[in-house]
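Asker: Below, each chain spelled out in residue letters.
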Amino acid sequence: MTIKTWLLLLSCVLFFQSQAKADSVITTVFNVFENTEKTKLLVLSAVDGRVYKVALPTKSKEAKVVRERITSFLGQVVKLSFQVNGTEALLTDLRYPAPGEVDARTMDLNHFQYNQLRQFAPTELKNYEAAEKLFREMLNDGDKNRSQCFKRAHMWVFDMWSKGNVSSQKIYMFYTHRYRNLEKFDWWFHVAPLVTAGGVEYVMDGTFMKKPTPVKEWYSWFLHTNKITCPEITSFNQYNDNQWNRLCYIMKTSMYMFSPVDIQARDNQGVEKNHWELEELQDARRAFKNFEKSYEGLDNGKQTITH
Amino acid sequence: MKKIIALSALFIMSSAFASDILGTQVLKGNLKTAIVVNGQPTACKVEIDNVKNMMEEDSYGNPAYKLQLEVKLVANEGKEGSKTLVKRSFNLNNLLVDGSTSTVRDFDYKSADGATMKINAEGRLVSVGFPFENQIIRCSF
Numbered sequence: 005m006t007i008k009t010w011l012l013l014l015s016c017v018l019f020f021q022s023q024a025k026a027d028s029v030i031t032t033v034f035n036v037f038e039n040t041e042k043t044k045l046l047v048l049s050a051v052d053g054r055v056y057k058v059a060l061p062t063k064s065k066e067a068k069v070v071r072e073r074i075t076s077f078l079g080q081v082v083k084l085s086f087q088v089n090g091t092e093a094l095l096t097d098l099r100y101p102a103p104g105e106v107d108a109r110t111m112d113l114n115h116f117q118y119n120q121l122r123q124f125a126p127t128e129l130k131n132y133e134a135a136e137k138l139f140r141e142m143l144n145d146g147d148k149n150r151s152q153c154f155k156r157a158h159m160w161v162f163d164m165w166s167k168g169n170v171s172s173q174k175i176y177m178f179y180t181h182r183y184r185n186l187e188k189f190d191w192w193f194h195v196a197p198l199v200t201a202g203g204v205e206y207v208m209d210g211t212f213m214k215k216p217t218p219v220k221e222w223y224s225w226f227l228h229t230n231k232i233t234c235p236e237i238t239s240f241n242q243y244n245d246n247q248w249n250r251l252c253y254i255m256k257t258s259m260y261m262f263s264p265v266d267i268q269a270r271d272n273q274g275v276e277k278n279h280w281e282l283e284e285l286q287d288a289r290r291a292f293k294n295f296e297k298s299y300e301g302l303d304n305g306k307q308t309i310t311h
Numbered sequence: 367m368k369k370i371i372a373l374s375a376l377f378i379m380s381s382a383f384a385s386d387i388l389g390t391q392v393l394k395g396n397l398k399t400a401i402v403v404n405g406q407p408t409a410c411k412v413e414i415d416n417v418k419n420m421m422e423e424d425s426y427g428n429p430a431y432k433l434q435l436e437v438k439l440v441a442n443e444g445k446e447g448s449k450t451l452v453k454r455s456f457n458l459n460n461l462l463v464d465g466s467t468s469t470v471r472d473f474d475y476k477s478a479d480g481a482t483m484k485i486n487a488e489g490r491l492v493s494v495g496f497p498f499e500n501q502i503i504r505c506s507f
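Residue numbers (the working numbering), protein chains in the order written: chain S, 5 to 311; chain D, 367 to 507.
Heads up, some of the hints might be wrong.
As the list claims (entries may be wrong) - DMTMM-like cross-link-like pairs, simulated, lysine to aspartate or glutamate; straight-line CA separation at most 25 Å:
1) S:Lys231 - D:Asp464
2) S:Lys231 - D:Glu423
3) D:Lys394 - S:Glu66
Since the hints were made in silico from the structure, they are not lab data.
Just so you know, these numbers come straight off a predicted model, no measurement behind them.
Chain S on its own, in the form it takes in the complex (with noise of 0.2 Å):
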């Protein structure tokens, strides 16, 4: 081979190598699956709510070694490496952390478990522009009678922080029995991200918005006028008791909140959450048509909560 044909290819080596970025995180892993085809290993990270592959080898002795290996870290807080390929991340390595590489007690790495430390803060984005980039980004079939406002604004929330890191909050909407009375209205309420950016709000709502909007903007959208203002509210119950001096009101709240139930349950019980749940988010993943493949890993096969 001449000198010129190696040099061509190193180049191309070095050119595919530099496309896949390499990295690493410490983490907890919190399930392993296999993909439908049974070709690759799911590792679901808790630390960030990513998805690494591993590919299977074809031979099933050694596909079940590889299978042993990584399930026996379920649960365990590991240093996981990967290389980022186009959409996907390739897990490359999987280990224990090496002693002072991490102190598990202080580090918070299971986002998929209540931790009464964490306090959620939402990210703060620069500008208007960075809001614009993660609003085109977000997932849409286009398909608004498919599926409901709760889940499609979950697998968004969720996409934001495990595939931006991006922590946002979502806004809810609800309507009170005079404005569903009087104006023959189906809906109670309606919810979709919000973030911040250079210091206003926007709603990122995929599905009825063609740009990040400022809130009283958002909500007037659904009144059909901007004479009508939707108090805040922080507890459910000043919704549930106010249903006809007001005609809405909106709630911000975490992320993590996938429907007014939990809204409820915080308020009423006391139950606090600061954490994703594997079955709400196999069940938001399922809103979005055709998009079963961009979600492997958030989906066993196994029937989720509502369809």
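Starting from the known structure of chain S, fit chain D onto it as the hints suggest.
Answerer: Below, chain D alone, put in the same frame as chain S:
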């Protein structure tokens, strides 16, 4: 001095409660009562319909209602039968505007063309008033 303090306290309290409304919804339906108009026994018949949110709010953020009131005065002319003196519709709402301040009143409604209406805490009609032949007709229920 004590009087000034007491009056100030009353003023502050009334301002504080100015923002709290019940949001009582007017009940739709029709009612009839007997009155005397120009010396003649007359039936005052009213019908309330199209009760809706006005989709406007007062200075305190309270939303207003709007509705349609139809009134009919039927005079009893004895052996000659009865005669409809007036049949008219009014559009009323409970948003009271006073200069730069607006206030939603739970029990008081008015129209731009002189009709007024009062309801009780259950949303039932108590009285209506409307212009007719240079007088204001009042019907109580």
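Asker: Measure nothing beyond the straight line between the CA atoms of D:Lys394 and S:Glu66; if it is 25 Å or shorter, mark the hint as holding.
Answerer: 77 Å, violated
Asker: Taking 25 Å as the top limit, are the C-alpha atoms of S:Lys231 and D:Glu423 close enough?
Answerer: 7 Å, holds
Asker: Is S:Lys231 within 25 Å of D:Asp464, Cα to Cα?
Answerer: 18 Å, holds
The structure fails to meet hint 3 from the earlier list, while all remaining hints are met.
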